[in-house]
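In this note's numbering, the protein residues as written are 1 to 467.
Just to be clear, a hint being listed does not mean it is correct.
[Claimed, not checked] List of simulated lysine-lysine pairs, DSS-like, C-alpha gap at most 25 Å:
| hint | residue 1 | residue 2 |
| --- | --- | --- |
| 1 | Lys110 | Lys428 |
| 2 | Lys92 | Lys428 |
| 3 | Lys70 | Lys114 |
| 4 | Lys251 | Lys264 |
| 5 | Lys70 | Lys110 |
| 6 | Lys110 | Lys345 |
| 7 | Lys440 | Lys428 |
| 8 | Lys114 | Lys152 |
| 9 | Lys92 | Lys440 |
| 10 | Lys152 | Lys251 |
| 11 | Lys152 | Lys69 |
No lab work stands behind these hints: they were computed from the structure.
Since this is a predicted model, take the numbers as computed values, not measurements.
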Amino acid sequence: FSLASRVGRPEPRPPGHRRRLSTDTSRHTHTHVTMRAVATRVARSPAARQLLRSPHSRTIFAPAYGLAKKMMPPITATEQAALESGGISVEKHIFAGGAPLSAFDDYDPKLSEKEQAFMDKEVQELCAMLDDHAIVEARDLPKPVWDTLRSKGFFSLKIGEEWGGKGFSAYAVSKILRKIQSISPNCGATVAVPNSLGPGELLTSYGTPEQQANYLPRLANGELIPCFALTAPHSGSDAASMHEASGVVRKAADGSLEILASFKKRYITLAPVAGIVGLAFQLQDPQGLLAGTGTEGITIALLERAHPGLRIGGRHDPAGNAFMNGTVEGTDVLIPMSALLGGQKMAGSGWLFLMEQLSEGRGISLPAGATGGAAMAAVAVGAYSRLRTQFRVPIAEMGGVQEHLARIAGNALICTAGSDLVAALVDKHESPSVLSAVMKQQATDRGRQCVTDAMDVMAGAALSRGP
């Protein structure tokens with residue numbers, strides 16, 4: 001307040017102003033605008049700038065900073081790893097309060113001829129096979145669809161061509177997932193996991209030569225369907241707090257090192273049909289047997305379905321959806337060091353792997369699903385509101401419906417633009433770990449708003465299941 005007084009006081013308010021403001025429903029917007037105006041006025045004030053540059057500024061602001069620091073909760077190990085992973089790109093302009101349009105000139109993704117041909121042929125053929133109502137009724141994809149996903153490379157869009165995969169860009173993966181999601185969310189989820197949360201990308205970046213040669217060709221040809229076991233009953237995004245999945249380093253009978261692990265995972269997409277599991281667990285080394293080759297901490301192991309002690313259990317029913325989702329469990333499971341992603345030297349590096357390499361799960365695959373759903377809502381509700389008439393007028397001409405249509409179109413456009421930008425960042429290897437997390441939250445929330453608005457307009461037509 002002392003600083004504000006040096007800048008200059010606002011004009012006197014009329015009597016009763018404070019009382020009227022307290023009952024005004026727009027007070028939050030008014031307060032936000034007022035604070036922004038005060039901040040701008042302070043920033044432009046020579047007196048304020050002089051104070052900030054003065055040798056006494058630390059005396060003034062250090063106690064305030066110390067107080068604010070005490071009020072903030074401590075940073076967890078998961079948050080610290082997130083802050084240290086990834087990189088900073090165009091979002092530095094956004095978080096600074098303004099991004100010049102020129103900053104986005106280099107982020108205009110395009111499909112290659114090969115990717116466009118895949119979109120025009122294989123993706124179109126797959127979408128023609130999909131009947132999401134029949135899929136939900138059967139609680140499974142039809143066998144011809146499963147066969148197509150395997151044989152046409154839908155499970156290996158990101159795996160390099162040298163391993164038999166497609167080697168597509170992140171932008172192509174995003175476009176493919178948006179298209180499939182707009183036809184069948186269940187098929188969209190099935191294709192998304194192997195191309196984002198599966199072990200394929202982790203193997204490409206961190207796997208040993210032996211692991212790459214063993215697994216990548218089998219993932220590419222569809223012999224192995226992958227899943228990634230991260231979520232536990234009491235830990236999800238805060239993976240560093242997981243205690244339902246832990247392993248202890250010990251010596252085997254032949255003198256080599258092995259891990260005795262127990263784990264309990266749930267909500268694992270594709271687990272019921274997976275041939276290989278990427279397992280995240282807390283590694284402990286109380287006897288110091290690692291001896292500097294690897295460390296304690298979050299570690300990732302690759303276990304095939306037939307691994308002794310691995311139990312892929314009951315299937316979940318996620319709100320009546322048909323995509324495969326279930327549990328992964330094991331008690332006193334022996335894991336050789338050769339099964340750790342990257343070998344023993346990569347023990348304890350699991351959370352860094354996840355933060356740096358699985359950005360696509362947050363920034364590409366999940367937003368692609370939301371974007372596809374938003375686009376479907378825009379098309380479906382736009383057509384419905386033109387065909388549906390009330391009082392001899394198409395409901396598209398009614399103000400309340402137009403508000404919903406505008407919101408759906410706006411959110412769909414925002415999701416599309418955001419998905420394109422993050423895909424371009426990933427393709428430039430900029431590892432936007434923070435921006436991808438923001439994109440996940442924003443896209444899924446806006447996609448949900450589109451669904452809500454669509455149901456408001458279509459009413460019974462949106463709720464009734466069936467052809």
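Structure-based check of all given hints:
1. Lys110 with Lys428: The given pair, whose Cα atoms are some 13 Å apart, holds under the 25 Å limit.
2. Lys92 with Lys428: holds (16 Å)
3. Lys70 with Lys114: Between Lys70 and Lys114 the Cα gap is close to 55 Å, so the pair fails against 25 Å, i.e. violated.
4. Lys251 with Lys264: holds (24 Å)
5. Lys70 with Lys110: violated (48 Å)
6. Lys110 with Lys345: Roughly 38 Å separates the two Cα atoms, so the pair is violated.
7. Lys440 with Lys428: Measuring from Cα to Cα gives roughly 19 Å; hence the hint holds.
8. Lys114 with Lys152: Judged against 25 Å, a Cα distance of about 14 Å means the pair holds.
9. Lys92 with Lys440: Holds. Lys92 to Lys440 sits at ~18 Å (cutoff 25 Å).
10. Lys152 with Lys251: The hint is violated at about 44 Å.
11. Lys152 with Lys69: Violated, at about 54 Å.
Hint compliance for this structure: hints 3, 5, 6, 10 and 11 are not met, and every other hint is.
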